[in-house]
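A.B. asks: Here is how the chains run, residue by residue.
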Amino acid sequence: MHFGLRENFFVNEEIERIKNCCLEREDAFCSSACPFRLDVRELVGRIARGGFNSAYRMYSNAVGFPAIVSAICDEPCKTVCPRRGIDAAVSLRLLEAAATGFSSNHRPNSYSLPAKGKKIAVVGGGISGLAASLRLSNKKYDITVYEQSGRIGGHLWDIMDPALFLPEIETQFMYEKYDLLLSKAVHDLSPLAAEYDAVYVATGRGGDDFGLAASPPDGTPFASGARGVFLGGGVLGGGTMEAIAQGLRAAGIIEAYLKTGNMKSAPSHRQTRMILDKGAIRPIPLVVPGGGRDYSKEEAAEESGRCLRCRCDACQRHCALLRYFDKFPKKIEEEVHATIHPGSLDGNGTIATRFISTCNQCGLCAEVCPMGIDMGIFLRESHRVMREKGAMPWAFHEFWRRDMEHANSDAAALSARPEAPGRCEYVFFPGCQLGASDPRYVLESYEYLRKADGGTAVWVACCGAPSVWAGDTGVFRRYADTLKNEWEALGEPCVVLACPSCRSFFAEFFPEIKTRMLYDFFDTGPQVPQNDGEEKLVSVFDPCPSRHDAATQGKIRSLVESAGYRLSKLRYEKRTAQCCSWGGQIAVAAPNYTNWLVTERAKESDHPYVVYCSNCRDIFADCGKPVKHILDIVFRLGGWDRKPPTVSERRRNREWLKDGLISRYWPQRGDGKNKMCANLAKLLVSDELRVKINRSRLIEEDLLSVIEECENSGNVLVDAGNGHRTGYKVIGNLTHWVEYARRDGGYELFNAYSHRMKIEAGTRP
Amino acid sequence: MNPDDSGEPGGNLTCGRCQARLEPTKTQFSYLGHSFHTEVPACPVCGQVFISEELARGRMVEVETSLEDK
Chain A
1 MHFGLRENFF VNEEIERIKN CCLEREDAFC SSACPFRLDV RELVGRIARG
51 GFNSAYRMYS NAVGFPAIVS AICDEPCKTV CPRRGIDAAV SLRLLEAAAT
101 GFSSNHRPNS YSLPAKGKKI AVVGGGISGL AASLRLSNKK YDITVYEQSG
151 RIGGHLWDIM DPALFLPEIE TQFMYEKYDL LLSKAVHDLS PLAAEYDAVY
201 VATGRGGDDF GLAASPPDGT PFASGARGVF LGGGVLGGGT MEAIAQGLRA
251 AGIIEAYLKT GNMKSAPSHR QTRMILDKGA IRPIPLVVPG GGRDYSKEEA
301 AEESGRCLRC RCDACQRHCA LLRYFDKFPK KIEEEVHATI HPGSLDGNGT
351 IATRFISTCN QCGLCAEVCP MGIDMGIFLR ESHRVMREKG AMPWAFHEFW
401 RRDMEHANSD AAALSARPEA PGRCEYVFFP GCQLGASDPR YVLESYEYLR
451 KADGGTAVWV ACCGAPSVWA GDTGVFRRYA DTLKNEWEAL GEPCVVLACP
501 SCRSFFAEFF PEIKTRMLYD FFDTGPQVPQ NDGEEKLVSV FDPCPSRHDA
551 ATQGKIRSLV ESAGYRLSKL RYEKRTAQCC SWGGQIAVAA PNYTNWLVTE
601 RAKESDHPYV VYCSNCRDIF ADCGKPVKHI LDIVFRLGGW DRKPPTVSER
651 RRNREWLKDG LISRYWPQRG DGKNKMCANL AKLLVSDELR VKINRSRLIE
701 EDLLSVIEEC ENSGNVLVDA GNGHRTGYKV IGNLTHWVEY ARRDGGYELF
751 NAYSHRMKIE AGTRP
Chain B
1001 MNPDDSGEPG GNLTCGRCQA RLEPTKTQFS YLGHSFHTEV PACPVCGQVF
1051 ISEELARGRM VEVETSLEDK
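As you go down the protein sequences, you meet chains A and B in turn.
In this text, residue positions in the first sequence follow the numbering used here: the first is 1, and each later residue adds one.
In this text, residue positions in the second sequence follow the numbering used here: the first is 1001, and each later residue adds one.
Because the hints were derived from the structure by calculation, they are not lab data.
Backbone N, C-alpha and C fix where the C-beta goes; we use that ideal spot for every residue, glycine too.
The reader is advised that the hints may include incorrect statements.
[What the hints assert, rightly or not] The calculated lysine-lysine pairs, modelled on DSSO-like cross-linking and capped at a C-alpha distance of 30 Å, are:
no.	chain 1	residue 1	chain 2	residue 2
1	A	K327	A	K451
2	B	K1026	A	K331
3	A	K297	A	K78
4	B	K1026	B	K1070
5	A	K330	A	K278
6	A	K264	A	K278
7	A	K330	B	K1070
8	A	K569	A	K451
9	A	K330	A	K19
10	B	K1026	A	K758
11	A	K264	A	K184
12	A	K116	A	K140
13	A	K574	A	K682
14	A	K278	A	K297
15	B	K1070	A	K729
16	A	K574	A	K330
17	A	K643	A	K692
18	B	K1026	A	K177
19	A	K78	A	K139
20	A	K118	A	K259
21	A	K278	A	K139
22	A	K555	A	K19
23	B	K1026	A	K19
24	B	K1070	A	K758
25	A	K116	A	K297
26	B	K1070	A	K177
27	A	K327	B	K1070
28	B	K1026	A	K729
[Unchecked claim] Here's a subset of chain B near chain A, in silico, CB distances under 10 Å, partners left out:
no.	residue
29	L1013
30	E1023
31	L1032
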């Protein structure tokens, strides 16, 4: 592998981590402790919205005999409820009683199914045997219960009033038939095994296990060594609740056996691995029944509201992407897998293509996930795989691919060292966007560094991030070689970086290159304007790639305070910094989400932002948020409301920067005149159209080239009414259209737009 | 694009090369490996086509988006 790009990482690490470690689908603590694995989150949700009938139905389905269970359940859920110790565990039994009490229909479901034609013997008429009989008779198996005593109910007679449990058993069996053989002791299973298709042995605590219960799995009904014979309930040592639950589960494994012939025990219960941030729990007092024993409907709803619906959802609570699209890591992994490995040859089902291109890859998820799952890395690698398969639409990243090309072109890129003797100790690498945002950021910073160390070189280029974000591994590899060679040619100096993204990419892909942040060179002495801030409150919006750069985070805050500002903390900052929306360059793939995200980020504080990433600055400035780059403060450059340059101006800024550096420091290397700028003077564009063109990410230089192509080729359409000329040209993959008129040696542009579809060759001369 | 006499985008256009008025013509397009055709104004002589902004920013975007999500 090359410079840290990991070919097999995708399959080997992050997928396994998501599959094995993500806790989002873990049971709630209460459900895990419940013998019936009752889905408490769903139950309290139904109660909270007054759905007592559906809550009762759900409860009844889970426990088989709701009146019995709600009367004697010893509430293991209460011992594990996270509210225990903070205020009080949720009163689930009272909620279950409310669901039962307020339900208008206590009749069991009536199942209209054809008879299965299979006979099952149940040895023992206790509650476990009856539970298995209930579920199997629901499914129309032919059940015969053998009970050695003269009554059903087993040990319930010892712990409950028969006036409660006998009517409940009768109610639950009201639509089912089963044969009950009382006073019919079974001493030998062989005749039953011969006569019946399956046998469930539920002889109760201390009952006969027929020598089959030698080493049962812990607490689960199991398939014995004798074919067709299953054991469960008190005979395996469980209490009443376990006995009922095992009877219900036994029905499932017996049916599976009858359908497949496989003697499989029920899987052992795995305790939940849920991790919950208890610090986020807001205390709410326990709701006590006002009228004595039971809750009113309102009280039940209120107590349901105390339930935390425990779920590991840290990623979704903190990550805007997961919240916006209501997704969790496992679901994403499944959708991405289906997208990368579509079920049909034509690629149907590539449901996550756009989603893969919508992650800012900021790394916040890995910080907040208790298991450290980084969905950004996973989606970045997914993007790479999709790109290598040719399955990622080119349009999502073409604009930035071309932008990177421009940043590294002769028009904009520069590597130059002062003609000072000795080794070049530092080189200033401002990246591709700092000078695009404002060339003065780079000129002033470089001048500052030159004053500190006259041997400091300058190297204006892109770090390669756009090609990694676009999944262009091959492009990045070639470019990484170029960067490495240039660094070696400069004498392997320490690289001074201004852009936190550059720093994170250098750290990941060029660990051997020593780097320092530009801001590290500034001290907080008189060189920083001391009173500009006038005690104004501002918030430092840390760029997401600075997440683990505590030194820079601290330095920026010191500089801001030295300049006379007061700091107001953001909820998400430093280690939990959020992306402004730039990361991953998602705006073309997901424009609506991006617009929403920027607005959300701008609202994080009422105070102006100070940033140290020019992309953050321009994005916030574009949405009207007062913002300054730290260099605006240190060098007194832009105001709080400096408008961001258009996409066309960004290119010009880069070219002006190169010319500015050359004319100031290396005048012998060029004439310092910007060719593109001179050429663009031929194109007249109204302010209104310029805004539209910018929003469409169309470059004025490109539009001029379309016009020139039309003029040179004669492939132009003419409007007979106004004389406007219209034509198109494909630049990259994008078809650009222009409507223009000739004007005094130049052109006036009236409109420009584009489309991704290609007009097929052959329809044009 | 300014309104034109015919009320149809491009209805007032003539081919700069052939001086012919554009006529609705079945034209082939492709995107992401899929091909399709539709009628757009084109020069009846040389075949030069016109895609209006309405089409480019409307129906074409819909089709492009659906193919990207397919």
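A.B. asks: Checking each numbered hint in turn, tell me which of them this model violates, lowest number first.
C.D. replies: Hints 1, 2, 6, 8, 13, 18, 19, 21, 22, 23, 25, 26 and 30 not satisfied by this model.
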